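Participant: Below are the chains, spelled out letter by letter.
There are 2 protein chains.
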Amino acid sequence: MPAARTSKPGRLPAAARRAQLVEIGRRLFAERGYEATSVEEIAERAKVSKPIVYEHFGGKEGLYAVVVDREIEHIAASIEAAVSSGSPRERLEGAALAFLTYVEERPDGFAVLLRDAPPTKRGGEMPALMYDLADRVGGIFSELFRTAGYDEKAAPIYAHALVGMVAFVGQWWTEARKPPPAEVVASHIAALAWMGLRHLPKKPSPLVKTRRRAPA
Amino acid sequence: MPAARTSKPGRLPAAARRAQLVEIGRRLFAERGYEATSVEEIAERAKVSKPIVYEHFGGKEGLYAVVVDREIEHIAASIEAAVSSGSPRERLEGAALAFLTYVEERPDGFAVLLRDAPPTKRGGEMPALMYDLADRVGGIFSELFRTAGYDEKAAPIYAHALVGMVAFVGQWWTEARKPPPAEVVASHIAALAWMGLRHLPKKPSPLVKTRRRAPA
DNA sequence: CCATTGCGTAACCTACGGTAGCGTAATATC
DNA sequence: GATATTACGCTACCGTAGGTTACGCAATGG
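Those protein sequences? They're chains A and B, same order as listed.
Each residue of the first sequence is one higher than the one before, counting from 35 in the working numbering.
Each residue of the second sequence is one higher than the one before, counting from 35 in the working numbering.
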């Protein structure tokens, strides 16, 4: 079922080889993570020697960057298309469905996006990939919140909540033994989010219980 | 502010050394991930040589296991305490607050729990650490759903949605430039979840838009 | 027949997990 | 107080894996 490219498995045109390596890289990065994936194995699975990978991507990081970039583009395009029109409610459910559809179609890509940070070893922390997405959603949410008369500063909270919701459910969904169809899951999520947002108090007051402090 | 154990920084009693190594390991695993963290650096930061780590934990995996186990215990205890009593609504908000409090108090531990899987290299995928939590929540939810007359099979969806929500918001919260107090964030999350759950239709019907298919 | 493209061989070198064996400080025992 | 015993720790090393590179060969197209 994997692509039987051409008649000759031996030599491939550069573009095809590139595509193949990206695909293999995506799969391996997904199941092993960046650090635990070796260029050797990537090359081996492509029936190719290591230097090929370097020729095409300049190294492990380069390949990883390409993989991540493609996935980001893919999911961003899907979701942006889904939220581009319709009522707010439709946009919400559309976004959830687009997300889940992406998860369904590209489970490996999704896993890569969920996994830990790229090899950038700067001092600070770098936001996970899903983070960017949440920020984009945050932008949309700020607008919606403003027009609806809610506290705009709370928008990022809900944006990250929603993205996290979908992301986690998506992860569970890919590994569930008896996964319901995407539409059902999306409708549940959207219902939860929508109803939650609709009936949101303007200013939720904490009903503070005892706040646990660290026991030594 | 870190513990000034005894007068002599040179030699430490076994228990103290152990604790120190766990702490250092937690921090490093948090910021670098498992694979990218070297025993050498752990030892170096503890002003100790590598064999010490091996002596106390049997190796890298051993230390990692201890770190993870402690965090799991910590967060599980906090949350279970929070949901042990009170009205459902209080339990929900209490759980969110407990989670965020944990995140606040032990950001490194939280980062470790969020990061990718342990070094177990069995064929299949292993559930992330947050996954267990979601499953526990799923158990509670199944019960609640049954008593409330909702579809029990949808419980895991909402369980993972809730955990993902809190986890993602928690992550954002630790890195936010101007983070609101935990109580406020928790109340927002709890409000979203609670209102969403309360006004949930018994059987949400998907208002299916065009479902995006992969464009080749 | 020659150039360009695609690729393999064979290393290099660093880093890291793990281990063996040897001190040295503190405590116990006589 | 001297000596044995234990607890704690270090230096030095091994094996290997993995990223990266230098160089040379085979196929393809004009």
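These aren't lab readings, by the way, just hints derived from the structure by calculation.
A portion of the hints provided could be inaccurate.
No more than 20 angstroms apart at the CA atoms, straight line, and that leaves these computed lysine-lysine pairs for PhoX-like [what the hints assert, rightly or not]:
# : chain 1 : residue 1 : chain 2 : residue 2
1 : A       : 212       : B       : 237
2 : A       : 187       : B       : 212
3 : A       : 187       : A       : 237
4 : B       : 237       : A       : 237
Note that this is a predicted model, so its numbers are computed, not measured.
Participant: Taking 20 angstroms as the top limit, are the C-alpha atoms of residue 237/B and residue 237/A close enough?
Facilitator: 29 angstroms, violated
Participant: Take the C-alpha atoms of residue 187/A and residue 212/B, compute the straight-line distance between them, and say whether it is at most 20 angstroms.
Facilitator: 10 angstroms, holds
Participant: Residue 212/A and residue 237/B: Cα distance at most 20 angstroms?
Facilitator: 18 angstroms, holds
Participant: Is it true that the CA of residue 187/A sits at most 20 angstroms from the CA of residue 237/A?
Facilitator: 11 angstroms, holds
Hint check: a violation occurs at hint 4 only; the rest are consistent with the structure.
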